[in-house]
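Q: Residue numbers (this note's numbering), protein chains in the order written: chain F, 1472 to 1786; chain S, 68 to 317.
Simulated from the structure, these hints should not be mistaken for lab results. Any given hint might turn out to be false.
[Claimed, not checked] SDA-like cross-link-like pairs, simulated, lysine to any residue; straight-line CA separation at most 20 Å:
{"id": "1", "chain 1": "F", "residue 1": "K1694", "chain 2": "S", "residue 2": "K157"}
{"id": "2", "chain 1": "S", "residue 1": "K157", "chain 2": "F", "residue 2": "I1624"}
{"id": "3", "chain 1": "F", "residue 1": "K1694", "chain 2": "S", "residue 2": "K158"}
{"id": "4", "chain 1": "S", "residue 1": "K157", "chain 2": "F", "residue 2": "A1686"}
{"id": "5", "chain 1": "S", "residue 1": "K158", "chain 2": "F", "residue 2": "G1603"}
{"id": "6", "chain 1": "F", "residue 1": "K1694", "chain 2": "S", "residue 2": "V274"}
{"id": "7", "chain 1": "F", "residue 1": "K1732", "chain 2": "F", "residue 2": "A1686"}
{"id": "8", "chain 1": "F", "residue 1": "K1690", "chain 2": "S", "residue 2": "R282"}
{"id": "9", "chain 1": "S", "residue 1": "K158", "chain 2": "F", "residue 2": "I1509"}
{"id": "10", "chain 1": "S", "residue 1": "K157", "chain 2": "F", "residue 2": "E1510"}
{"id": "11", "chain 1": "S", "residue 1": "K266", "chain 2": "F", "residue 2": "N1622"}
{"id": "12", "chain 1": "S", "residue 1": "K157", "chain 2": "F", "residue 2": "G1615"}
{"id": "13", "chain 1": "S", "residue 1": "K157", "chain 2": "F", "residue 2": "I1509"}
{"id": "14", "chain 1": "F", "residue 1": "K1690", "chain 2": "S", "residue 2": "K157"}
{"id": "15", "chain 1": "F", "residue 1": "K1690", "chain 2": "S", "residue 2": "K266"}
{"id": "16", "chain 1": "S", "residue 1": "K158", "chain 2": "F", "residue 2": "K1524"}
{"id": "17", "chain 1": "F", "residue 1": "K1690", "chain 2": "S", "residue 2": "G277"}
{"id": "18", "chain 1": "F", "residue 1": "K1690", "chain 2": "S", "residue 2": "P159"}
{"id": "19", "chain 1": "F", "residue 1": "K1732", "chain 2": "F", "residue 2": "I1526"}
{"id": "20", "chain 1": "S", "residue 1": "K157", "chain 2": "F", "residue 2": "I1526"}
{"id": "21", "chain 1": "S", "residue 1": "K266", "chain 2": "F", "residue 2": "G1603"}
{"id": "22", "chain 1": "F", "residue 1": "K1524", "chain 2": "F", "residue 2": "S1638"}
{"id": "23", "chain 1": "F", "residue 1": "K1694", "chain 2": "S", "residue 2": "A189"}
{"id": "24", "chain 1": "S", "residue 1": "K157", "chain 2": "F", "residue 2": "K1732"}
{"id": "25", "chain 1": "F", "residue 1": "K1694", "chain 2": "S", "residue 2": "K266"}
{"id": "26", "chain 1": "S", "residue 1": "K157", "chain 2": "F", "residue 2": "G1603"}
{"id": "27", "chain 1": "F", "residue 1": "K1694", "chain 2": "S", "residue 2": "L150"}
Since the structure is predicted, the reported quantities are computational estimates derived from the model, not experimental observations.
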Amino acid sequence: MKRRIALVSLAVAAWIGGSTIGVVTPPGPAAAQPLLQIEPAHAGYVPALDGSKPIFILFIGSGARPGDDVEHSLADSIHILSIVPAKHKAAVLGIPRDSYVSIPGTGSDKINAAMVYGGPQLLVETVESLTGVRLDYWALTTFGGFQAVINSIGGLTVDVPFAMQDSASGSDFEPGVQKLRGDEALAFARDRHSLPAGDFGRSEDGGRLIIAALAQFRKEFAKDPSRLLTWVAGGFRNVQTQAPLDEVLALAFTCTLVNPKHVENVVAPGSTGMAGGTSIVSLSGEAQMIFDDLRKDGLVSKRNIPPSPNESLLG
Amino acid sequence: MATPRWLCEPPGTGNLGRDLVEGRHRPTPQRRFPPAVWIVPTALVALGVVLFLLFRGGGGGGGILDGGDDTIPAFDFRLTRALPILVTDKKPTQFEATAEDVAGQVSDTMTTLYTEAFLDPANWRDGSYDEVWPLFEDGSQAAAEQDGATLTLGPSAGDRFDKVDQPLGRLSVKVLLDRTNQPATAVAIVTFKALGTAKDGTHILVVSTGQYFLRPLSDGWQVYSFSVSRDDHEVVPSPGPSSSPTAAAS
């Protein structure tokens, strides 16, 4: 009996001693093992706004020439960008610059004249009066400023939807995805002679650039978040806005979550005509439905999206 | 003294296993075992206990001989670049000194963050990183804690590692200046590596790379956004006393 106990004791002792020594043996064999990848992981937090209330931003392209008062020149392009943070969605609504509307305190005139009468603030009031949308911010740039913004981010990748050639704007594009320099992007934005619907089509192309910028910004941020500073600084240097820097940063973070594939690009529909000897655009009843829709939740329902003004070119 | 019979017994005549299985009991006369039969197992058990106490690591205290004590490895991020980004038309070169100054402060914050998150044994042995989270702004703190396994050595690091040392870190900082050319926000772009010795003896290169957005406080900088990856992998320890697996894997 005692011999068995002795043997068991020996076995137990050998097991304890052996396993303990095994634990503390220096790691020689590791050299012979293949390298292993262990639990690659990613952690991220984007301080995006998360409210369900849409944020409305008025983008204004001033037609000011060098030496002109930028804030009191005709508005060459007018777009509302609405962002719905909680849904990670957005919409772009272009308003034709010749739209004949009521300008608060002035009377009826083309909408682009509002800035001449009262600067960006009166244009904001005019758009708010027209659409019922309460605008949170405005951003105003010039031809030169627009080019500089595009150049500051190293160019803008745009899917040019159709061939464009126009000596007035300088556009000369084959269809397809291409990276545009500042001057090329400006030509793309200004060209209306290549387009059958003129200023309506041009307004849609302006929206196309805004969405292209959202897409590129999102892509660059995913690859290198610090690019956000480059974009914000490039914008701030060349765009006038009443928005403080910290709010612009918050908006920029919010934009990184918006999927550009789900951003509607809409132009307020209407018809061209004459008033007092000048050509104007009379916005249609459908335009008012779009305004109502946008005001409600910051988005435009599919049923209210009009045909593209460039439809005949899109094929 | 007569020779104990079990010492003379030919092999196979006393099969303990078979006896236990078959329940056979063979009465044997009273015998006296030599002291070695008791001394050797007892010594082995004692040796095992001593070795265990000496070399154990993690889970409530490091061993004595393996360096797994609570000493924090010396560490500082090496600043490789400080870049001012302006929202005005002034020349960036005018604000390089400002950017350098901010980068120094941001570097201090990041050094503290990585020391607390990866190097302080008092934290990782317990999987408790309470000193890390206040470095994150309120809005990002909950997300940071949720991603704690990636942003720190991990909640179960004490079970996995005996030691973490030989830290190396590089950092570049971009500083956004506001309209008055005051620092508004900064991005720290970091690469951090340290050598972990796992409990099974293997060596793990702990690798953390990413970007942290920080905002200035009255007495420092605080993280409000982050995008950080972990890419730990096993490495082959280099031979020799001056070996540096970290450097070898860099």
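Q: Checking each numbered hint in turn, tell me which of them this model violates, lowest number first.
A: Violated hints (numbers, rising): 1, 3, 4, 5, 8, 9, 10, 11, 13, 14, 15, 16, 18, 20, 21, 22, 23, 24, 25, 26; every other hint is consistent with the structure.
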